[in-house]
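J.: The residues making up each chain are set out below.
Number of protein chains: 2
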Amino acid sequence: MGEHGSDSTVFVGKKPTMSYVMACLTLFQNGAVDITLKARGRAISKAVDAAQILTKKFVPDVTVKSIELGTELVKSIDSGTTSDVSSMEIHLSK
Amino acid sequence: MGEHGSDSTVFVGKKPTMSYVMACLTLFQNGAVDITLKARGRAISKAVDAAQILTKKFVPDVTVKSIELGTELVKSIDSGTTSDVSSMEIHLSK
Numbered sequence: 009m010g011e012h013g014s015d016s017t018v019f020v021g022k023k024p025t026m027s028y029v030m031a032c033l034t035l036f037q038n039g040a041v042d043i044t045l046k047a048r049g050r051a052i053s054k055a056v057d058a059a060q061i062l063t064k065k066f067v068p069d070v071t072v073k074s075i076e077l078g079t080e081l082v083k084s085i086d087s088g089t090t091s092d093v094s095s096m097e098i099h100l101s102k
Numbered sequence: 009m010g011e012h013g014s015d016s017t018v019f020v021g022k023k024p025t026m027s028y029v030m031a032c033l034t035l036f037q038n039g040a041v042d043i044t045l046k047a048r049g050r051a052i053s054k055a056v057d058a059a060q061i062l063t064k065k066f067v068p069d070v071t072v073k074s075i076e077l078g079t080e081l082v083k084s085i086d087s088g089t090t091s092d093v094s095s096m097e098i099h100l101s102k
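Listed in order, the protein sequences are those of chains G and U.
The numbering of the first sequence is the numbering used here, which starts it at 9 and goes up by one.
The numbering of the second sequence is the numbering used here, which starts it at 9 and goes up by one.
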């Protein structure tokens, strides 16, 4: 992922939870100060898991600074219909 | 559920999302000012859905006041083993 400034975003999707934990760990080790975990729909639970594992087990000096909820309009590729999907951003900070 | 003061809690579990939306609506209509949606594990996504549907579609005067993440130790009835499960509280306020 190359060089990072102080702000980075990790999109949480279908990979195992630990993939996102490791992605954040790598970002923090490379100098990131603020990381945002973004997730939609069912991946929201996974983003919370990743945030908890990170802050409770791996980097206790990282805390959950703020959490934002949102709703995104998602268009299905198959049916072409649109539907509302919940989204979440977890802002982690060193 | 009877009478309610200004503070109420709705536990989000395996029922359809709209069950929890309706539970909150009823509480607000009965005079509740603050409602906490609590969820663990995969139900976290559902709690976010319920909060978004409530605040965006049904009661625009209700807002997400704060969100807390946590980790709970859950003991399996079958195996007797314990494991960490992420939890979330969404505080809604009129």
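Simulated from the structure, these hints should not be mistaken for lab results.
Just so you know, these numbers come straight off a predicted model, no measurement behind them.
There's no promise every hint is true.
Examples of chain G residues toward chain U, derived with CB under 10 Å [stated by the list, open to error]:
1. Asp15
2. Ser27
3. Met30
4. Leu35
5. Asp42
6. Ile52
7. Ser53
8. Ala55
The beta carbon of each residue, even a glycine, is placed where N, CA and C say it ideally should be.
J.: May I ask you to test the interface hint for Met30 of chain G with respect to chain U, counting a Cβ-Cβ separation under 10 Å as satisfied?
T.: 18 Å, violated
J.: Go through the hint on Leu35 of chain G and say holds or violated, using the shortest Cβ distance to chain U against 10 Å.
T.: Since the shortest Cβ distance to chain U is 19 Å, the answer is violated.
J.: A closest beta-carbon separation below 10 Å is what the hint needs, so does Ser53 of chain G meet it against chain U?
T.: 4 Å, holds
J.: Given a cut of 10 Å on the nearest C-beta pair, is the interface hint for Asp42 of chain G held or broken against chain U?
T.: 17 Å, violated
J.: For the hint on Ser27 of chain G, just tell me whether its beta-carbon gets within less than 10 Å of chain U.
T.: With a closest approach of 16 Å, the Ser27 of chain G hint is violated.
J.: With a cut-off of 10 Å on the beta carbons, see whether Ala55 of chain G makes it to chain U.
T.: 9 Å, holds
J.: Is the interface hint for Ile52 of chain G satisfied, with its Cβ closer than 10 Å to some Cβ of chain U?
T.: Cβ of Ile52 of chain G sits 4 Å from chain U, so the hint holds.
J.: For the restraint on Asp15 of chain G, tell me whether the closest CB of chain U is nearer than 10 Å.
T.: Asp15 of chain G check fails; min Cβ-Cβ to chain U is 21 Å, beyond 10 Å.
Hints 1, 2, 3, 4 and 5, counting from the list given before, are not met by this structure.
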